[in-house]
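Enquirer: Going down the list, the protein sequences come from chains A and B. The opening residue of the first sequence carries number 1 in my numbering; numbering runs sequentially from there. The opening residue of the second sequence carries number 1 in my numbering; numbering runs sequentially from there.
Treat each hint with caution, since some may be false.
[Claimed, not checked] Output of the computed footprint for chain A on chain B, the stretches with three or more beta carbons under 8 Å from beta carbons of chain A:
#1 36-45
#2 76-84
#3 87-93
[What the hints assert, rightly or not] Facing chain B, a subset of chain A residues (Cβ under 7 Å, in silico):
#4 T104
#5 F107
#6 G108
Because the hints were derived from the structure by calculation, they are not lab data. Quick reminder that beta carbons are idealized off the backbone N, C-alpha and C, glycines included.
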Amino acid sequence: GAGVSQSPSNKVTEKGKDVELRCDPISGHTALYWYRQSLGQGLEFLIYFQGNSAPDKSGLPSDRFSAERTGGSVSTLTIQRTQQEDSAVYLCASSFWLRGGTDTQYFGPGTRLTVL
Amino acid sequence: TQLLEQSPQFLSIQEGENLTVYCNSSSVFSSLQWYRQEPGEGPVLLVTVVTGGEVKKLKRLTFQFGDARKDSSLHITAAQPGDTGLYLCAGFNAGNNRKLIWGLGTSLAVNP
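Chain B on its own, in the form it takes in the complex (with noise of 0.2 Å):
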């Protein structure tokens, strides 16, 4: 069985620090993508990282996809409040781009 192991699983820190978040396997995947998600909603697609080595930005979130496609993470930069909220990560297994493999998350709170 294909597992995607995220760490830390809670994470704590101020505003204005510095995260990152870690998504793991033994396993490669053809790409992956990473959610938010808030209490009482679903998760929301944030980004997807296809290549090996791809670097993509989003505003103060970096996500890097490692060059063997088994890891990722997710950097944060001068965390805010409303940064606040579970991350996922989820992977398409190569040959089947249908079904995601997720990771059990990142709880992630940032104090004011």
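So here's chain A without its partners, still in its complex pose (with noise of 0.2 Å):
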């Protein structure tokens, strides 16, 4: 089947504007996790979202971060008021959880974030 798509691929953005990145998971997958990938950073966990139940959001760097799940499916990460420092790669994750097991990640391919 498909695996996980992120949209855009790369988006290029003014400081101050707003940019929306988006993240469609596996089907039938229950979880969904944001990362940031930053040069010389390493993965750093953004918000994940598990079903129903409220969404961890403690990776979140600021208030200027969102992020919603509809439906349990599609995800939405919201960057306001943008950053130089917000340039990054974003990237998204689902997984099928199973309580007591080890979780196995699936990624999507990123969207690549500049900042000017």
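Both chains are given apart, each in its own frame, so use the hints to dock them into the complex.
Expert: Put into structure tokens, the structure is as follows:
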């Protein structure tokens, strides 16, 4: 079946503008994650959604960042008033998490965000 | 803060050589995963190790989880140009198997 897809693949924006990044997870996967990958910084956890539970937003770096997941499927990560330090690759992953088991996350190709 | 330190950060070798990448921490992990990432793509899971001392083999790749579950290694035998990529280790800490702690990665280049 289809893997995780993300759009756009590249986004160039001006400082101060808002951006929306989209993630389509693998059908049937209950968990969805957002990560940020910066050069020299590794992958940084941002947020995850699990079924109908309240999302874990503990990794969001500021209140300019928000995410939602509609209908338990598609997710949108929104960054308001973008700053240059927001430039990074934003990765989405999904998984079918079994309680007590080890999570296997499947990643999308990412959205490369450049803030000028 | 739990950290996973990977070494070396960069590695450039000739086709046919062997190599080992290390992933170390002072913290205990309930399980540890190795991923490979190519440019423009997301990480792809290679293996999950769960038991201290566990060894898993995937063709020419051998993964080992330390006895104390604080460290892991990835050994590649007879490297090929197709092995080129960024190798990332990531661990789940005890009690929280949802949030992965990531290493910074080892960038491997295998030259023909």
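Enquirer: For each hint, tell me whether it holds in the structure or not.
Expert: Structure-based check of each hint:
Using a Cβ-Cβ cut-off of 8 Å, 6 residues of the stretch 36-45 of chain B lie near chain A, which meets the minimum of three, so the contact claim holds. Counting residues of the stretch 76-84 of chain B whose CB falls under 8 Å from any CB of chain A gives 0; the rule of at least 3 is not met. Given a C-beta distance limit of less than 8 Å, the hint that chain A covers the stretch 87-93 of chain B holds, as 3 residues qualify and 3 suffice. Against a cut-off of 7 Å between C-beta atoms, the interface hint on T104 of chain A holds, since the closest Cβ of chain B lies about 6 Å away.
Taken as an interface hint, F107 of chain A checks out: its beta carbon lies about 3 Å from the nearest beta carbon of chain B, inside 7 Å. For the restraint placing G108 of chain A at the interface with chain B, the shortest Cβ-Cβ distance is roughly 5 Å, inside the 7 Å limit, so the hint holds.
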